[in-house]
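Asks: For reference, the chains in residue letters:
Protein chains: 2
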Amino acid sequence: MHLTTVILDGSTSAGRVEGDEVVLLDAPDVGAVFARGGAVEAGGSILFADARLAPMVTAPDKIVCVGVNYFDHIAEMGRDKPAAPTYFAKYRSALIGARDDIALPSPDISTHIDWEAELAIVIGSTVRDASADEALAAIGGYTVLNDVSVRDYQRRTTQFLAGKTFEGMTPLGPVVVTRDELGDGSGLAISTTIDGAVKQSSSTSELCFNCIDIVQDLSRIITLEPGDVIATGTPGGVGAARTPPEWMANGTVVRCSIEGIGETVNRCRLPG
Amino acid sequence: MHLTTVILDGSTSAGRVEGDEVVLLDAPDVGAVFARGGAVEAGGSILFADARLAPMVTAPDKIVCVGVNYFDHIAEMGRDKPAAPTYFAKYRSALIGARDDIALPSPDISTHIDWEAELAIVIGSTVRDASADEALAAIGGYTVLNDVSVRDYQRRTTQFLAGKTFEGMTPLGPVVVTRDELGDGSGLAISTTIDGAVKQSSSTSELCFNCIDIVQDLSRIITLEPGDVIATGTPGGVGAARTPPEWMANGTVVRCSIEGIGETVNRCRLPG
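Residue numbers (my numbering), protein chains in the order written: chain A, 1 to 272; chain B, 1 to 272.
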């Protein structure tokens with residue numbers, strides 16, 4: 001099943017994508033559909049192509065990001081294979097819809113704006129201290145997250161958070177594909193284009209720690225809840241690792257695509 | 001004014017501390033008092049000494065922590081004075097009340113449990129791209145946060161988050177003292193005792209980046225909202241920096257105290 005979250009009349013609604021249409025569901029977002037164990041139809045449908053998409057989960061309790069987690073990205077960043085998953089967070093106001101503009105910071109704050117296509121897990125059921133089987137069972141589905149990064153803020157201290165949680169810069173969507181269609185999320189092509197040019201092209205089989213590993217490990221630290229979002233890391237090909245480095249700027253269109261899910265398509269826009 | 005949040009009949013209520021009593025307010029927590037610009041009395045009061053305290057903000061939109069931010073702690077950790085504040089996050093389920101037990105992880109996960117007394121800011125009003133004056137005006141008040149750290153998880157990768165957000169390990173309270181009493185939060189004695197022995201003893205004047213600096217800098221990245229909690233870092237004297245290192249264990253009682261606010265008092269407890 002392909003679930004989505006749309007903005008209608010100033011509030012949000014979950015929906016089920018069927019062909020060209022979004023059948024509206026009686027729940028405010030995909031997180032609520034998982035939390036409630038499903039949702040009935042609310043009556044009505046809209047065209048998916050015309051829908052204004054919200055972040056799939058509008059206010060997740062947690063957004064966990066995994067860094068340095070693709071073998072090809074680890075190589076380009078000059079790092080070693082980590083012994084454990086590297087976690088950092090984002091705050092909820094970082095999230096935008098899959099078709100929204102990315103709100104660039106003013107150029108006097110930063111111009112080092114980079115892309116990072118990521119497979120994101122949406123947790124479907126509460127889980128703590130999970131076995132591998134329990135970890136897989138707790139995954140509700142998968143979506144695309146573009147972990148747009150403000151590289152100089154990410155690197156101004158040892159901790160990534162500042163460069164990862166700028167407001168309105170993290171697209172999440174366009175649908176959440178339930179686990180029955182994608183299993184453990186491995187073997188999916190993942191790519192990024194910048195103004196049409198391919199910059200990242202890899203497979204989720206390149207993940208150093210896979211989705212089950214991550215959910216299992218996180219669940220030793222904290223209870224995961226329905227609607228929690230876990231971005232699993234990005235493959236090689238980011239702008240910062242290129243010679244010379246490449247950055248997104250006003251007007252840049254970035255597409256992050258994952259096989260079997262779909263793509264985020266976002267234009268970068270300066271304020272004012 | 002000294003505000004607090006108590007647990008009563010399975011839900012929470014904000015209160016105003018007057019002498020020995022908590023006068024109950026018509027708001028669920030201190031964050032809501034700030035968000036609403038105040039709260040009327042709900043009728044009734046309870047003894048402060050007997051109250052079961054909740055985290056002062058029960059579900060903050062953001063918990064931001066600042067690392068390596070006291071000159072004496074920077075020295076003991078062998079680090080240089082940073083050029084910018086070091087930020088990392090916690091998730092909400094890390095928080096506990098000022099008198100609750102700290103939920104130790106099972107010893108096969110970690111025994112490296114450390115203390116960190118911190119002055120925490122509670123944001124009182126929405127702020128973005130703040131001047132220094134606007135940053136100060138956005139501070140609702142101050143409280144105590146014990147940033148209990150699972151050091152081996154903090155250090156297993158470059159990113160601190162894993163060791164900082166273990167569930168039910170971060171005391172926050174016992175009151176929020178409004179800004180009119182404490183100004184910019186500088187010049188306050190801050191200390192930790194472990195089973196009665198003083199381990200940390202410093203002053204918030206040792207902060208490398210002060211409360212105004214932090215709010216101003218964060219507000220360039222993201223909008224701060226009423227109820228957001230910002231822990232400003234810990235002074236020297238943590239267990240990890242001692243020779244040999246000292247850790248908290250089952251039964252350890254840790255007190256973190258800040259002049260003019262009060263103290264968190266928590267017993268460490270193994271599960272089961």
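It is worth saying that the hints were derived from the structure and are not from the lab.
The reader is advised that the hints may include incorrect statements.
Since copy identity is lost for identical chains, a pair holds within one copy or between any two.
Taking lysine to any residue pairs in the SDA-like style, the calculated list, with each CA pair at most 20 Å apart, reads [claimed, not checked]:
{"no.": "1", "residue 1": "K81", "residue 2": "N250"}
{"no.": "2", "residue 1": "K81", "residue 2": "T111"}
{"no.": "3", "residue 1": "K81", "residue 2": "R156"}
{"no.": "4", "residue 1": "K81", "residue 2": "D50"}
{"no.": "5", "residue 1": "K81", "residue 2": "E206"}
{"no.": "6", "residue 1": "K81", "residue 2": "T158"}
{"no.": "7", "residue 1": "K81", "residue 2": "F209"}
{"no.": "8", "residue 1": "K81", "residue 2": "D152"}
{"no.": "9", "residue 1": "K81", "residue 2": "T223"}
{"no.": "10", "residue 1": "K81", "residue 2": "G168"}
{"no.": "11", "residue 1": "K81", "residue 2": "D213"}
{"no.": "12", "residue 1": "K81", "residue 2": "D108"}
{"no.": "13", "residue 1": "K81", "residue 2": "G262"}
{"no.": "14", "residue 1": "K81", "residue 2": "A35"}
If you're wondering where the values come from, they're calculated on a predicted model, not measured in any experiment.
Asks: Run every hint past the structure and note whether it holds.
Replies: A quick look at each hint next to the structure:
{"no.": "1", "hint": "K81 <-> N250", "in the structure": "neither (35 Å within a copy, 35 Å between copies)"}
{"no.": "2", "hint": "K81 <-> T111", "in the structure": "neither (29 Å within a copy, 25 Å between copies)"}
{"no.": "3", "hint": "K81 <-> R156", "in the structure": "between (23 Å within a copy, 12 Å between copies)"}
{"no.": "4", "hint": "K81 <-> D50", "in the structure": "neither (43 Å within a copy, 51 Å between copies)"}
{"no.": "5", "hint": "K81 <-> E206", "in the structure": "within (12 Å within a copy, 38 Å between copies)"}
{"no.": "6", "hint": "K81 <-> T158", "in the structure": "both (18 Å within a copy, 12 Å between copies)"}
{"no.": "7", "hint": "K81 <-> F209", "in the structure": "within (10 Å within a copy, 34 Å between copies)"}
{"no.": "8", "hint": "K81 <-> D152", "in the structure": "between (23 Å within a copy, 18 Å between copies)"}
{"no.": "9", "hint": "K81 <-> T223", "in the structure": "neither (27 Å within a copy, 35 Å between copies)"}
{"no.": "10", "hint": "K81 <-> G168", "in the structure": "neither (31 Å within a copy, 31 Å between copies)"}
{"no.": "11", "hint": "K81 <-> D213", "in the structure": "within (15 Å within a copy, 36 Å between copies)"}
{"no.": "12", "hint": "K81 <-> D108", "in the structure": "neither (35 Å within a copy, 24 Å between copies)"}
{"no.": "13", "hint": "K81 <-> G262", "in the structure": "neither (29 Å within a copy, 45 Å between copies)"}
{"no.": "14", "hint": "K81 <-> A35", "in the structure": "neither (35 Å within a copy, 45 Å between copies)"}
The structure fails to meet hints 1, 2, 4, 9, 10, 12, 13, 14 from the earlier list, while all remaining hints are met.
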